[in-house]
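Participant: Sequence:
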Amino acid sequence: MNSDKQKLSPATSPSEFLARQKNFFSDESTKAWQEFKPKPTDIIITTFPKSGTTWVQQIMHCLRSNGDMAFDEISVVVPWLEVAFDMGLDLNSSQVHPRLFKSHLTAEEVPSGAKYIVIFRDPGEVLLSYYKFMEGWFFEPGSISLEEFADVGFFNTSGFDNYWYHLKTWWARRDDPNVLLLTYEEIKFDIELTIKRLAKFAHIALTIDLIELTKFQSSIDFMRRHSIQFDEHATQEALDSRCGLPSGGNASKLGLSNPSIKEIRLTPYVLQKLKESWDVEISSELKLNDYDEFKFLVYNSKEAK
103 MNSDKQKLSP ATSPSEFLAR QKNFFSDEST KAWQEFKPKP TDIIITTFPK SGTTWVQQIM
163 HCLRSNGDMA FDEISVVVPW LEVAFDMGLD LNSSQVHPRL FKSHLTAEEV PSGAKYIVIF
223 RDPGEVLLSY YKFMEGWFFE PGSISLEEFA DVGFFNTSGF DNYWYHLKTW WARRDDPNVL
283 LLTYEEIKFD IELTIKRLAK FAHIALTIDL IELTKFQSSI DFMRRHSIQF DEHATQEALD
343 SRCGLPSGGN ASKLGLSNPS IKEIRLTPYV LQKLKESWDV EISSELKLND YDEFKFLVYN
403 SKEAK
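Going by this note's numbering, the first residue of the sequence shown is number 103, and it counts up by one from there.
Since the hints were derived computationally from the structure, they do not count as laboratory data. Please read these numbers as outputs of a predicted model, since none were measured by experiment. Any given hint could be a false lead.
[Said to hold, decoys possible] Capping the alpha-carbon separation at 27 Å, the derived lysine-lysine pairs in DSS-like fashion look like this:
1. 397 - 302
2. 133 - 217
3. 270 - 302
4. 109 - 139
5. 290 - 270
[To be verified] Simulated restraints on C-beta separations:
6. 133 - 197: 17 to 27 Å
7. 194 - 261: 20 to 30 Å
8. 386 - 313: 33 to 43 Å
9. 386 - 323: 38 to 48 Å
10. 317 - 245: 36 to 46 Å
11. 227 - 274: 16 to 26 Å
12. 365 - 275: 32 to 42 Å
13. 190 - 143: 16 to 26 Å
14. 197 - 117: 35 to 45 Å
15. 294 - 115: 18 to 28 Å
Virtual Cβ for every residue (Gly too), placed ideally from N, Cα, C.
All chains, please: the whole structure from these sequences, using the hints.
Facilitator: Written out as structure tokens, the structure is:
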């Protein structure tokens with residue numbers, strides 16, 4: 103018993119973090135999403151982690167269900183493709199129309215044949231949110247610095263774990279009518295316009311009452327009051343043991359956390375690495391100087407449709 107308890111513990115070093123993280127996706131769950139054949143009306147919210155996924159899951163579920171909140175956790179009614187099997191969810195089950203799914207897959211990997219909502223976010227903000235999300239769940243608070251985490255969990259990555267690669271694969275599909283590109287920043291700036299764009303993309307009829315209801319139920323205050331429905335506890339329950347983690351870890355979402363939580367800032371080292379990565383991965387290939395320029399083009403690529 104004691105040895106089992108010792109095995110189930112958060113990481114205390116970068117190498118231990120990577121060892122636990124590699125077990126996040128089981129072979130069975132991977133097989134399930136790879137074999138999944140979506141319907142043309144299905145919508146997959148497929149973002150890089152910590153880019154507003156939960157927020158848009160809630161907006162879309164509210165729009166399609168007229169505000170139904172009778173769910174345990176949002177990723178139960180809007181299943182996460184990559185871990186659905188381990189959560190006991192059948193990807194082919196019926197849902198309120200349109201069927202919604204969450205994913206972090208790239209445009210090259212995600213099951214084809216659906217419609218896709220893609221949200222981008224400033225890479226520095228993504229990194230900060232990702233670090234805080236994993237601290238207290240996958241690693242002991244204070245045991246891994248932001249710089250150490252950035253090196254192993256953000257910069258030295260590949261495939262759909264790599265921010266830059268994920269961005270490039272979806273940017274290449276910006277003219278696809280079945281792909282809606284958004285940025286976290288524009289959602290935050292004008293939630294009502296975002297709701298209208300999402301409803302139009304999903305062919306959901308809007309009324310003034312539904313717009314107001316969706317604004318209310320996707321507000322930070324509302325989601326904080328109902329935080330247990332957005333805190334990933336259902337996902338944790340399915341994955342903790344396999345990842346060598348004890349139950350009850352704190353997978354903190356910065357946006358839903360107590361606003362008095364200690365602020366974490368990007369260090370000069372991390373800021374330099376972010377700039378270098380953008381220059382190498384994005385500027386050299388896409389000819390976009392920085393995230394602000396990219397954000398502007400995302401907005402205009404959508405407006406041109």
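Participant: It remains to establish, for every hint, whether it holds in the given structure.
Facilitator: Against the structure, the hints:
no.	hint	result
1	397 - 302	holds, 21 Å
2	133 - 217	holds, 21 Å
3	270 - 302	holds, 25 Å
4	109 - 139	violated, 38 Å
5	290 - 270	holds, 23 Å
6	133 - 197: 17 to 27 Å	holds, 21 Å
7	194 - 261: 20 to 30 Å	holds, 25 Å
8	386 - 313: 33 to 43 Å	holds, 42 Å
9	386 - 323: 38 to 48 Å	holds, 42 Å
10	317 - 245: 36 to 46 Å	holds, 40 Å
11	227 - 274: 16 to 26 Å	holds, 23 Å
12	365 - 275: 32 to 42 Å	holds, 36 Å
13	190 - 143: 16 to 26 Å	holds, 25 Å
14	197 - 117: 35 to 45 Å	holds, 40 Å
15	294 - 115: 18 to 28 Å	violated, 46 Å
Going through the hint list in order, the structure does not satisfy hints 4, 15.
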